[in-house]
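Using the sequences plus the hints, can you model the full thing?
Protein sequence lines correspond, in order, to chains C and A.
The opening position of the first sequence corresponds to residue 0 in numbering that gives the first Met the number 0, with each subsequent residue numbered one higher.
The opening position of the second sequence corresponds to residue 0 in numbering that gives the first Met the number 0, with each subsequent residue numbered one higher.
Simulated from the structure, these hints should not be mistaken for lab results.
In this text the structure is predicted, and so the values were computed from the model without any measurement.
Even for Gly, the Cβ is constructed at its ideal location relative to N, Cα and C.
Treat the hints with caution; some may be incorrect.
Stated by the list, open to error - Derived lysine-lysine pairs resembling DSS-like cross-links, with alpha carbons at most 30 Å apart:
no.	chain 1	residue 1	chain 2	residue 2
1	C	K5	A	K130
2	A	K5	C	K101
3	A	K5	A	K34
Unchecked claim - A short, non-exhaustive set of chain C residues, derived as facing chain A with CB atoms under 10 Å:
no.	residue
4	L7
5	V11
6	I20
7	L28
8	K37
9	A44
10	A46
11	S64
Number of protein chains: 2
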Amino acid sequence: MDFSSKLLENAVNEMAQLPGIGKRTALRLVLHLLKRPKEQTTQLAQALEGFRNEIRLCSNCHNISDTELCEICSSNRRDGSIICVVEDIRDVMAIENTAQFKGFYHVLGGKISPIEGIGPHDLTIEDLVQKVAGGGIEEVVLALSSTMEGDTTNFYIYRQLQKFDVKLTTIARGISVGDEIEYADEVTLGRSIVNRVLFANSLKGL
Amino acid sequence: MDFSSKLLENAVNEMAQLPGIGKRTALRLVLHLLKRPKEQTTQLAQALEGFRNEIRLCSNCHNISDTELCEICSSNRRDGSIICVVEDIRDVMAIENTAQFKGFYHVLGGKISPIEGIGPHDLTIEDLVQKVAGGGIEEVVLALSSTMEGDTTNFYIYRQLQKFDVKLTTIARGISVGDEIEYADEVTLGRSIVNRVLFANSLKGL
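This is the structure we're talking about:
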């Protein structure tokens, strides 16, 4: 693409470094800013820089936070005896949106993935083990996605926490609420039959 | 969405104001920046602000430009007797990429659209008329998109330029190069039959 303007070219190139944004989309976005008041661009630029430079990771759960301890970890209305292990910050948001979990979180920062060169020591697993070793924790819920990497990570954590007197659970896999049984894949359907629950219990959370 | 971080929320909200970027995409983009060095965010922010605050419109053709006159208008290798009228800056880039046009451009800044409240005086049509009235221009090529608004704008310009001794042309409509004739829509196919060209002429530009 020939831009005939270094300023435009520079803006498009920087924008196109974001994932899923190609040069054409970047051009559309940048030219859109031109139609808006200058303040909008200033606010966008400041919001991005402010976020990137001032955001911290909670010292307890590794969730992103504006302060030393995140809102969840500094709340006194949560149950400190149960920890939910998730891959990243977006999973915390997804689970918080369900309003079904009242314990604390532990953000791993990824999954064990030999292909991508991510080993256990690149994640916050050691920190989780020390938290559990410190006592006071009764249950650790593994809430990782159900992929090869997720299963590997689950198993690694299981081996690390086996020696402690802590209940290890994993979130239920099964048919999505609202899904037709005939269209479900057989692995999911199989698991949801093997792990069937008492009907009375299935009414919880409704 | 519950962000638990004002900095994150602010960044996502600003990002989600861009066209075609929803809250979820904005969150993905913003969290991506967190995985990259801080410099990348700084560069992005500076590139956007620099572009928005320093970019100018060429005083001759209204194309965007880093300088008073854009690269095209300040070139002495272009043909000043022919002007191509386009809707916006991206059209200039598209036509320049074809390397088939050696005249100057005139960027209207939009199309006449009563529905969106855009009248002739919101565009740079008056400026075009004065350019033509000033003399030295032999041909004006109308290169607007073939929509209701494009046709209206074409016709308005035609009426304004009628009184001058200038050739008014419009870009050819027809079957796209590489397209199958059987799948072409009938209006396009019809136009390409009515406006058929000498075979020898069709070899130009190849």
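Quick rundown of the hints versus the structure:
{"no.": "1", "hint": "K5/C <-> K130/A", "in the structure": "28 Å, holds"}
{"no.": "2", "hint": "K5/A <-> K101/C", "in the structure": "22 Å, holds"}
{"no.": "3", "hint": "K5/A <-> K34/A", "in the structure": "19 Å, holds"}
{"no.": "4", "hint": "L7", "in the structure": "6 Å, holds"}
{"no.": "5", "hint": "V11", "in the structure": "9 Å, holds"}
{"no.": "6", "hint": "I20", "in the structure": "8 Å, holds"}
{"no.": "7", "hint": "L28", "in the structure": "5 Å, holds"}
{"no.": "8", "hint": "K37", "in the structure": "6 Å, holds"}
{"no.": "9", "hint": "A44", "in the structure": "4 Å, holds"}
{"no.": "10", "hint": "A46", "in the structure": "4 Å, holds"}
{"no.": "11", "hint": "S64", "in the structure": "6 Å, holds"}
Checked against the numbered hints listed earlier, the structure breaks none of them; every hint is satisfied.
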